[in-house]
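So the sequence lines, in the order shown, correspond to chains A and B.
Residue numbers for the first sequence follow this note's numbering, so the first one is -8 and each next one is one higher.
Residue numbers for the second sequence follow this note's numbering, so the first one is 188 and each next one is one higher.
Worth flagging that the hints you see were computed from the coordinates, not collected in a lab.
Take the hints with a grain of salt, since some may be wrong.
Claimed, not checked - Below, a list of computed lysine to any residue pairs in the SDA-like style, where the Cα atoms sit at most 20 Å apart:
(1) Lys81/A to Glu47/A
(2) Lys81/A to Asn115/A
(3) Lys31/A to Gly242/B
(4) Lys31/A to Glu128/A
(5) Lys81/A to Ala134/A
(6) Lys204/A to Asn229/B
(7) Lys81/A to Val241/B
(8) Lys196/B to Ser192/A
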Amino acid sequence: MSRQPISFETIMITMSETSDLPGEQLIERFAPALAELRPKLMRQARLLVGNPSVAEDLVQETLLTVFEQHAQHNGGASLGTWAIAILRNKISDWYRSPERRRMTALAVNQDSDPDTDPLDELFNEQGEHVAPLHAWERPEREAEQHQLREVLDVCVERLSGPQGTAFMMREWLGFETAEVANRLQITPEHCRMLLRRARLSLRGCLQVRWFGKVGA
Amino acid sequence: MSLMYSCRKVAELLLLAQDEPLGILQQWQLRMHLTRCSNCRNFGEQLRELRELVGEEAWPGLDSEGQER
């Protein structure tokens, strides 16, 4: 992977070379989308990649790929969905790259097993539910789906760094649990602990901030 | 020890099942419990829903309103 930062100019030059459209029209067409997408891609990359400059590089490369291949993109997924899929591939590749292997392990082991078990809040001493659990109803209206997505993002960001990273590698990159542990250079037990806590935390967060409200 | 799992034990297994395959006996005992416990069924459904939400390809609200389709 190139370590050189990719400038906005580089992107624009690449765009003008790969399209029949005049450069000005391309800039007009893509600049607002770029400005809109970049922070969202950055947020996602930072969740998964501890090193900020690596996250930055991956996002820049993603945007460059979007522009290089924009001619092939017509119809199907929206620009944002397409871009996030490209970012996901780039992050997966990065985790599997020799370059990543050479880097020191993330500060994952700092997240040691805390004394409290989040299940204590849900169950009494007999192991029964302290309150009934209700099924979650997915919203049908688009505006509410947006809101739910935002709540989910907030909840994911509230996870501790290692929990968030392990969880997103497992669920968003789609890595097997063993590979998550391997790539983060932690034991499988530690990895399972991180994932378990992340799931419980997210379940609770979504329940309190969304599903518990809309169902009430 | 009772042959029936407690709800807490079931929650533990449902969480684990998201990341590891369960043994045959565990699966069977889990199913026995779930057929008669709606709280635990809902807990399992919530975990599945969480997985679906995070893994979704399309992100509602990722593109600004009116831009693209």
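Here is what the structure says about each hint:
no.: 1; hint: Lys81/A to Glu47/A; in the structure: holds (12 Å)
no.: 2; hint: Lys81/A to Asn115/A; in the structure: violated (44 Å)
no.: 3; hint: Lys31/A to Gly242/B; in the structure: holds (16 Å)
no.: 4; hint: Lys31/A to Glu128/A; in the structure: violated (26 Å)
no.: 5; hint: Lys81/A to Ala134/A; in the structure: violated (30 Å)
no.: 6; hint: Lys204/A to Asn229/B; in the structure: holds (17 Å)
no.: 7; hint: Lys81/A to Val241/B; in the structure: holds (18 Å)
no.: 8; hint: Lys196/B to Ser192/A; in the structure: holds (18 Å)
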